[in-house]
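K.L.:
Top to bottom, those sequences are chains A and B. At position 302 of the first sequence (counting the first as 1) the number is 302 in the UniProt record's numbering, and the numbers step up by one without a gap. At position 456 of the second sequence (counting the first as 1) the number is 456 in the UniProt record's numbering, and the numbers step up by one without a gap.
Calculated from the structure, these hints are not laboratory results. Treat each hint with caution, since some may be false.
Identical chains blur together in the list; that is why a pair holds if it fits in one copy or across any two.
Stated by the list, open to error - Okay, derived cross-link-like pairs now, DSS-like style, lysine-lysine, Cα gap no bigger than 27 Å in a straight line:
| no. | residue 1 | residue 2 |
| --- | --- | --- |
| 1 | Lys468 | Lys335 |
| 2 | Lys352 | Lys335 |
| 3 | Lys346 | Lys72 |
| 4 | Lys233 | Lys416 |
| 5 | Lys460 | Lys186 |
| 6 | Lys82 | Lys186 |
| 7 | Lys346 | Lys73 |
2 protein chains.
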Amino acid sequence: MNNFSATYTDQYQLSMAQVYFKKGQKDHNAIFDYYFRKIPYDGGYAIFSGLENLLEIISELRFNESDLEFLKKQGFEDDFLKYLRDFRFRGRIYSASEGDVVFPTRPVLQVEAKIIEAQIIETILLNLLNFQTLIATKASRIRLVAGDSTLLDFGLRRAQATGGYYASRAAIVGGFDGTSNVVAGKNFDIPVSGTMAHSFIQSYDDELEAFRDFAEGRPDGCVLLVDTYNTLKSGVPNAIKVAKEMESRGEKLLAIRLDSGDLSYFAKESRKLLDEAGLDYVKIAASNQLDEHVIKSLLEQQAPIDIFGVGTNLVTGDPDGALDGVYKLAFSSDKPRIKISESIFKVTLPHKKQVFRMKDDHGKCIGADAIGLFEENKITEMFHPFEPYKSMNLEKFHQEPILKKVMENGEMLIDKRSLKEISEYSLSRLSELPIEYKRFNNPHIYKIGISERLRDEREKLIRSSKQKLK
Amino acid sequence: MNNFSATYTDQYQLSMAQVYFKKGQKDHNAIFDYYFRKIPYDGGYAIFSGLENLLEIISELRFNESDLEFLKKQGFEDDFLKYLRDFRFRGRIYSASEGDVVFPTRPVLQVEAKIIEAQIIETILLNLLNFQTLIATKASRIRLVAGDSTLLDFGLRRAQATGGYYASRAAIVGGFDGTSNVVAGKNFDIPVSGTMAHSFIQSYDDELEAFRDFAEGRPDGCVLLVDTYNTLKSGVPNAIKVAKEMESRGEKLLAIRLDSGDLSYFAKESRKLLDEAGLDYVKIAASNQLDEHVIKSLLEQQAPIDIFGVGTNLVTGDPDGALDGVYKLAFSSDKPRIKISESIFKVTLPHKKQVFRMKDDHGKCIGADAIGLFEENKITEMFHPFEPYKSMNLEKFHQEPILKKVMENGEMLIDKRSLKEISEYSLSRLSELPIEYKRFNNPHIYKIGISERLRDEREKLIRSSKQKLK
């Protein structure tokens with residue numbers, strides 16, 4: 001679907017790269033943190049997604065000849081372009097596992113590489129991780145309320161252009177069962193399904209005839225759309241006739257689909273008609289502007305809906321269009337680095353770091369991740385990152401390191417998992433999280449703290465930076 | 001960047017296609033309308049975008065061998081797959097010009113093709129037009145308030161994955177000047193520009209040294225980011241030193257960039273410092289969560305900002321994640337078609353149609369588009385689509401037909417324009433629209449009406465459909 005060249009980047013990455021190249025700094029070692037500041041949808045957690053996709057792309061990322069010609073016209077210099085011709089990313093990456101439950105302000109991923117290489121991959125890394133994490137988180141919220149119902153991604157037509165391709169992938173990570181998107185199904189090995197459109201029925205003079213032709217022409221997983229003219233007077237009765245005809249051929253109608261009107265009412269009435277006709281095996285699918293809140297409400301009303309097709313609100317991450325993930329320098333040229341900001345909340349964390357998840361004796365999260373220096377093995381006390389008088393003793397907890405080495409010398413170190421496996425992993429991680437963090441309204445805030453050593457290192461850098469400004 | 005195969009579609013399109021194929025209906029003539037129901041951002045108009053991009057893609061759309069293998073596994077039948085192997089779109093398309101000002105509920109584009117072909121292209125058409133129209137409309141709103149300021153798209157890192165590539169294109173259509181997105185710049189011939197990141201400055205022990213290296217290593221269009229440590233005490237003074245050094249080498253600093261804090265205050269103070277140093281030619285660029293409302297406010301405060309870098313809010317179309325464009329059957333198998341809905345506002349318009357824009361003697365829009373049957377040349381009276389007692393006499397107006405034939409037998413009929421040309425066309429069309437339709441708060445509602453003949457045709461179909469349900 002996509003051929004990523006290394007020009008899938010912001011021009012300033014290449015401007016900075018040329019300067020590093022010309023000033024003899026390109027091979028300086030650097031560490032960048034990827035993290036986000038705000039959980040989308042005012043939720044209590046996010047589901048990290050896009051990693052395995054990204055690692056594959058990064059390991060193949062190159063500049064081709066037409067890229068280099070274009071960059072020459074942009075004023076980049078010949079010796080630098082020669083460097084770019086041989087560019088490949090040869091760095092190391094530590095990361096949370098794809099599908100893990102993640103929280104703001106702490107590193108979800110760390111890149112350790114030559115500074116020029118780390119800079120060139122910044123944009124594609126942010127672009128793919130920010131978006132897939134946004135969508136996997138949305139999908140996870142929908143899965144939380146949907147129980148065992150089948151969840152299908154129907155969003156491609158209103159997705160943000162080819163972003164929909166990655167949305168289909170991330171939806172599975174977050175707990176969806178399938179997609180209508182054929183090319184995503186093919187390339188990411190996602191179950192593909194689909195029903196029929198109103199236009200198909202309109203193209204016939206008669207709804208019954210349309211249903212009949214459809215069931216004969218595509219009997220596998222047949223779903224009939226019943227709301228083109230009148231759901232209960234026409235659509236469902238006609239679907240029942242066709243279901244009976246299918247039975248006589250030894251086939252089974254999979255489902256009917258409702259796409260307008262009051263879905264709770266129509267689902268209940270349709271269920272009655274189907275059951276009265278002895279078609280209790282025929283499922284009910286519903287679509288039309290669904291999201292986690294509408295599905296929650298439908299199920300609370302005991303609407304007998306078995307399959308939810310979720311479109312626009314899933315694939316665009318409505319109402320949040322973006323995850324605010326950033327990529328910040330923590331170390332370079334053998335020194336810890338920091339960005340002092342106008343706002344204390346935007347001050348970055350220096351040094352190579354590890355993140356520890358606190359768990360009780362039953363393997364349940366207690367609701368805290370602590371960030372330490374990479375060489376720390378256990379954090380005894382964690383401090384609030386911005387309120388120095390707040391701290392918490394961690395001695396009694398099991399401490400699980402979250403960042404694992406996933407790339408070395410530009411090669412993926414982890415075995416490729418299927419999306420199904422990533423999704424199952426995600427659900428198992430989510431099950432370790434207490435319910436208070438999963439509710440939609442004012443979820444409990446997961447604590448993120450820093451170790452004493454990290455706090456002291458940061459303080460030292462802030463002081464020396466302020467000193468210089470005097 | 002993207003290789004679109006015809007599997008960039010929803011599976012149900014192919015299910016319906018197989019049925020049309022098997023039931024001998026695939027070559028039946030069909031007409032589909034593309035239109036949207038709601039203007040994004042509660043605005044008074046939308047800018048149509050994506051058309052020329054779409055037409056190029058559609059004219060090349062094919063199923064390849066690996067697609068066919070995948071579809072075979074999905075249960076599609078051999079004779080149908082054989083048809084798909086030779087598939088190409090050979091239909092006709094009528095459309096508004098890309099860049100035109102468009103309004104809800106009336107056809108923006110009409111596809112006239114064999115029903116099987118029209119169905120197979122539905123998803124990609126919706127996907128590319130919905131999104132690019134959403135973003136071009138956002139860009140146009142930003143251009144409206146930004147006057148002659150330079151507008152740059154900085155959004156790729158938080159775009160919805162590769163959707164950002166099309167966002168960069170649509171931003172230019174809507175009036176932006178350039179992008180940071182290198183691959184979009186290369187493939188769509190968009191001016192590319194970029195500045196520097198905080199990480200570059202952090203990677204040095206000293207801000208001045210960082211600026212100096214950057215200006216030497218990449219003097220072309222050099223922009224220095226001045227807010228890493230302290231904008232007025234450190235960033236701007238250091239930028240001034242480097243600007244003077246550049247002068248001594250016969251070079252010129254293009255701009256400084258502000259990316260945090262109160263942009264109005266910092267722009268004014270920075271301007272003073274630059275001017276006092278005799279650097280009145282050095283521009284001020286600003287970024288950080290900008291959108292049309294923030295830019296409007298900054299300019300109302302007379303913040304001396306010359307260049308605006310707009311990111312997330314532009315490329316994701318915040319706060320609207322999607323345009324609600326639909327593709328509805330209007331005619332097939334030699335008959336007009338209609339979809340009756342639970343809501344009167346969703347009843348579709350049958351028949352092949354033309355849209356006429358009403359203009360006064362000065363070429364100014366009077367604020368009304370009338371939809372007639374395709375063979376009508378002039379609409380004398382237009383009727384409110386849903387309130388039959390409301391009508392408007394149109395005899396005194398010039399009537400400009402909006403839908404032009406842009407594709408015949410699957411080949412593009414129009415000359416490819418540069419994005420700059422499309423953008424200029426868009427601005428000229430927008431200038432024909434009275435200001436009342438362009439304001440942000442409660443814009444005047446543009447009237448859309450239907451001709452008497454179209455109204456009567458629709459009535460007839462509604463009646464006969466209701467008749468059948470009795």
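K.L.:
Checking Lys346 and Lys73: alpha-carbon separation at most 27 Å within a copy, between copies, both or neither?
P.N.:
Result: close neither inside a copy nor across copies, 37 Å intra and 51 Å inter.
K.L.:
With identical chains, the pair Lys468 and Lys335 could be close in the same copy or across copies; at 27 Å between alpha carbons, which is it: within, between, both, or neither?
P.N.:
within (16 Å within a copy, 79 Å between copies)
K.L.:
First find the shortest C-alpha distance between Lys460 and Lys186 inside one copy, then the shortest across copies, and answer within, between, both or neither for a cut-off of 27 Å.
P.N.:
neither (52 Å within a copy, 45 Å between copies)
K.L.:
Is it within, between, both or neither when you check Lys82 against Lys186 at 27 Å Cα-Cα?
P.N.:
Between copies, since 19 Å is at most 27 Å while 37 Å is not.
K.L.:
Is the C-alpha distance from Lys352 to Lys335 at most 27 Å within one copy, between copies, in both cases, or in neither?
P.N.:
within (10 Å within a copy, 69 Å between copies)
K.L.:
My question is about Lys346 and Lys72: at a cut-off of 27 Å on alpha-carbon distance, are they close within one copy, between copies, both, or neither?
P.N.:
Close neither inside one copy (36 Å) nor across copies (53 Å); limit 27 Å.
K.L.:
How would you classify Lys233 and Lys416 at a CA-CA limit of 27 Å: within, between, both, or neither?
P.N.:
neither (51 Å within a copy, 50 Å between copies)
The structure does not agree with the numbered hints 3, 4, 5 and 7 stated previously, though it agrees with the rest.
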